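Protein chains in written order, with this note's numbering: chain P, 4 to 120; chain V, 6 to 120.
Simulated from the structure, these hints should not be mistaken for laboratory data. For clarity, every value in this text was computed on a predicted model and none was experimentally measured. Just so you know, even glycine gets a beta-carbon here, dropped at the ideal spot from N, CA and C. It cannot be assumed that every hint is accurate.
[Said to hold, decoys possible] Below are the EDC-like pairs computed for lysine to aspartate or glutamate, each with C-alpha atoms no more than 20 Å apart in a straight line:
#, chain 1, residue 1, chain 2, residue 2
1, P, 73, V, 106
2, V, 14, P, 47
3, P, 6, V, 106
4, P, 76, V, 106
[To be verified] Residues of chain P clear of chain V, computed beta-carbon distances all greater than 12 Å:
#, residue
5, 42
6, 65
7, 83
[Stated by the list, open to error] Covered, in the sense of this in silico footprint (three residues per stretch, anywhere, with C-beta under 8 Å from a C-beta of chain V), are these stretches of chain P:
#, stretch
8, 26-39
9, 45-55
10, 110-116
Spelled out from the first residue to the last, the chains are:
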Amino acid sequence: AQKITQTQPGMFVQEKEAVTLDCTYDTSDPSYGLFWYKQPSSGEMIFLIYQGSYDQQNATEGRYSLNFQKARKSANLVISASQLGDSAMYFCAMRERLYNQGGKLIFGQGTELSVKP
Amino acid sequence: NAGVTQTPKFQVLKTGQSMTLQCAQDMNHNSMYWYRQDPGMGLRLIYYSASEGTTDKGEVPNGYNVSRLNKREFSLRLESAAPSQTSVYFCASSEGPGHLEETQYFGPGTRLLVL
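Isolated chain P (complex conformation) (with noise of 0.2 Å):
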């Protein structure tokens, strides 16, 4: 079963804009953490920004947010102000703690995202 789902292979947003990338997950365990990366064209990995399952609010780091939704299960990405660098793919990721020996992360599929000028 997919741990991680990301639903849209690509979006378009116009500059300025913002954009919600969705991401649901699966797990039974009480304890998780979510990122999200970033993948430019340059193939890098980019850490962007981290929820624990047991944080109150939500996480932001400067244009990015992420709603969470934790009965629904869903950690979306929000991306404010859309720049042209933000095009790119993204991965959601999740990190379980009780089944997770070794701090593996599973992935989803990610999200290409194409801003307009």
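On the provided structure of chain P, position chain V as indicated by the hints.
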């Protein structure tokens, strides 16, 4: 800051050839990982090393072996390459093991083409 380095950056192999992908980190991290990235499938874990001296299988270990040479270095070996192993390979490290919030830092990747 070198972070996580990988060699080579690109490699072409013929079916049946062997090769070793090298990975090193200079962040004094305990945990290291090897992933492969294929179109439409995200990153899948091949092997990981939670700490020096230990290695464990990930989601897709068949056809690969690993060696945690020391705390800094974690190599991935393909003994007999197959076209299905054509992929981009990423090495990553984290402070580890154990903290939910710890970030994994990735190397630049190795593009492998098996003919």
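We went through each hint and held it up to the structure:
no.	hint	result
1	P:73 with V:106	17 Å, holds
2	V:14 with P:47	12 Å, holds
3	P:6 with V:106	18 Å, holds
4	P:76 with V:106	18 Å, holds
5	42	9 Å, violated
6	65	16 Å, holds
7	83	22 Å, holds
8	26-39	holds (count 4)
9	45-55	holds (count 6)
10	110-116	holds (count 4)
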